[in-house]
Amino acid sequence: DAGVIQSPRHEVTEMGQEVTLRCKPISGHDYLFWYRQTMMRGLELLIYFNNNVPIDDSGMPEDRFSAKMPNASFSTLKIQPSEPRDSAVYFCASSFGGETQYFGPGTRLLVL
Amino acid sequence: QKEVEQNSGPLSVPEGAIASLNCTYSDRVSQSFFWYRQYSGKSPELIMSIYSNGDKEDGRFTAQLNKASQYVSLLIRDSQPSDSATYLCAVITANTGNQFYFGTGTSLTVIP
Chain A
1 DAGVIQSPRH
11 EVTEMGQEVT
21 LRCKPISGHD
31 YLFWYRQTMM
41 RGLELLIYFN
51 NNVPIDDSGM
61 PEDRFSAKMP
71 NASFSTLKIQ
81 PSEPRDSAVY
91 FCASSFGGET
101 QYFGPGTRLL
111 VL
Chain B
113 QKEVEQNSGP
123 LSVPEGAIAS
133 LNCTYSDRVS
143 QSFFWYRQYS
153 GKSPELIMSI
163 YSNGDKEDGR
173 FTAQLNKASQ
183 YVSLLIRDSQ
193 PSDSATYLCA
203 VITANTGNQF
213 YFGTGTSLTV
223 IP
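Those protein sequence lines, which keep their order, are chains A and B.
Under my numbering, the letters of the first sequence match residues 1 to 112, in that order.
Under my numbering, the letters of the second sequence match residues 113 to 224, in that order.
In case anyone wonders, no lab produced these hints; they're calculated from the structure.
Every residue gets a Cβ at the ideal spot worked out from N, C-alpha and C, and that includes glycine.
Among the clues, some could well be false.
What the hints assert, rightly or not - These stretches of chain A come out as covered by chain B in the derived footprint (C-beta under 8 Å, 3 or more residues):
| id | segment |
| --- | --- |
| 1 | 45 to 56 |
| 2 | 99 to 110 |
Stated by the list, open to error - Short, incomplete list of chain B residues facing chain A, as computed with Cβ under 7 Å:
| id | residue |
| --- | --- |
| 3 | LEU158 |
| 4 | ASN210 |
| 5 | PHE212 |
| 6 | THR216 |
With the rest of the complex left out, here is chain A (with noise of 0.2 Å):
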């Protein structure tokens, strides 16, 4: 298996630009979870699904971050407008029962 795909694997845009990340889960996990990661926080779970649906987004920071999952090969993570403080680790995460995490490259985003 290829496992956890995300792309793109580095995004630089500007103040108030729309953002999206992707990301394809290892197939046959039914858990999908998006993190993000600094120096400061760390790493803070934002959203998960099981099987499709959003189970706790909890972590979400505000209305400018939205995650979707059309399909069991599919998500996207979008943030919209874009600010500097948004700078940070993208990570997507799939599991199988919501047990072991496999973690995905990561999307190292920088908003000027």
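Could you slot chain B onto chain A? The hints should help.
Structure of chain B alone, referenced to chain A:
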């Protein structure tokens, strides 16, 4: 109080020594516990999972769980420079649905 707490370190040990990493959690109904390793600029990867009180060994790694005291630890025997990384403790708690928590990580440096 954070759900999962770790000493951020940095922790430095000489090559060949035992490195001891500790993690405490706040929710007594927590049921699944994980240690992840994250190299600088990379994504977290699973080292060990543990579910029952006691010790679990895998090669040079031993995870220890004490639910009564609400702590989980990771011992690394015969530490190698390649073990230098940040170690993240993760906990799954099942109350009204699964809740997933990561600690902020402990930075370990193994000195040759």
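Which earlier hints turn out false for this structure, listed by number in ascending order?
Checked against the structure, no hint fails, so every one of them is satisfied.
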